[in-house]
Amino acid sequence: MSGKSPHATIPVFIPHKGCPHQCSFCDQRTISGQRESPTPEAVTEFCRRALAELPARFQTAEIAFFGGSFTAIPQGEMTALLEAVKPLQRESRFGGIRISTRPDAIDRKILQTLKDYGVRAIELGAQSLYNKVLEANGRGHRAEDVRQAAELIRRQGFSLGLQMMTGLYGSTPDLDWETGLGFASLEPETVRIYPTVVFPGTGLARLMASGEYQPPGLEETVELCARLLELFESRGIRVIRLGLHAEEDVAQRALGGCFHPALGELCRSRLFLERVCRRLEENGEQGTPVILVPPGLLSQAMGQKRKNLLELRRRWLGIAIRPDAGLKEDFLILYHQEETKENPGGAVCG
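Residue numbering for the sequence shown follows numbering that gives the first Met the number 0, starting at 0 and increasing by one per position.
Hints in this document: simulated from the structure, not taken from any laboratory.
Straight-line Cα separation of at most 30 angstroms, DSBU-like style, residue types lysine-lysine; simulated pairs:
hint	residue 1	residue 2
1	K85	K108
2	K327	K304
3	K306	K327
4	K85	K114
What follows is a list of derived Cβ distance ranges for each label pair:
hint	residue 1	residue 2	range
5	D106	E188	17 to 25 angstroms
6	L316	H244	37 to 45 angstroms
7	P294	G156	38 to 46 angstroms
8	E134	R48	40 to 48 angstroms
9	T38	R312	52 to 60 angstroms
10	L331	T38	51 to 59 angstroms
11	L331	D115	48 to 56 angstroms
12	R305	E177	28 to 36 angstroms
13	K85	L326	45 to 53 angstroms
14	G283	R48	53 to 61 angstroms
15	D115	R234	25 to 33 angstroms
All residues carry an ideal CB built from backbone N, CA and C; glycine is no exception.
Could you build the full structure based on these sequences and the hints that come with them?
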């Protein structure tokens with residue numbers, strides 16, 4: 000086993016390109032950290048350099064066009080960008096092309112063009128599967144567009160990715176959960192989950208200022224996103240992003256909503272706590288629990304600021320979490336029993 004990761008991503012941001020609507024939440028220039036779309040020549044040079052400098056731990060790199068609606072930009076501009084990366088397909092570490100677009104900007108002709116240029120993965124910015132939420136946030140497409148586009152993409156042999164947002168204006172945790180269930184039924188290979196973050200100058204900023212909208216905070220978001228993470232992974236769907244990238248400009252400009260640089264880790268930590276609690280409750284009283292975890296999962300097991308450990312100790316007095324370098328599973332619970340005549344020195348048992 001080489002120890003190399005399957006592939007890296009070389010992101011090419013084309014902020015707001017091809018977007019026929021101004022969604023209530025959107026400020027792609029802040030999110031991407033890029034103000035202008037690159038020229039085809041700049042794309043070729045950037046991607047060529049990125050491939051040449053790819054760290055040895057990666058086998059290949061996927062070139063990904065993000066930040067706009069790729070298939071909604073004028074045909075000539077779209078094909079010029081695809082032409083810009085076409086020469087790189089001969090590079091040994093080239094890993095394909097991924098694009099992000101709107102559900103209502105997909106049809107058979109567009110898919111054939113993408114296939115001709117070597118596009119392998121298509122992500123749909125779906126955000127919600129409830130029309131009232133889509134309408135309230137100015138998306139300009141309907142839930143049925145998502146379903147139809149997803150079916151076309153999968154039928155044509157592309158890898159399907161879906162992007163959802165939680166906490167949008169007009170939505171609720173229950174509606175977001177139902178959207179997650181709907182996403183899972185569409186059988187994507189990947190999902191991105193983006194909790195809503197409010198930026199200046201957006202529709203959500205105005206709604207927030209007027210008191211009509213209050214975005215969910217961190218605790219509520221972690222609770223929901225942990226459930227969504229568990230849902231998707233239990234169906235074999237990879238969650239390839241949870242939360243916005245930890246860009247300095249994002250943190251500085253955010254007016255509200257849930258932005259945390261380690262949101263995915265917080266959600267996985269919450270899931271770890273729930274799994275351990277379920278196992279402890281199933282096991283019943285057997286002594287003082289000792290939870291063994293691989294060293295790489297120790298931080299996740301302990302929780303941010305030892306939150307998991309404190310919660311466990313509130314419910315199971317004396318419980319401990321310890322690293323075990325030889326452990327193959329996520330965690331193992333042992334029990335330390337009190338010393339008695341029948342059990343001198345106490346014992347640790349599984």
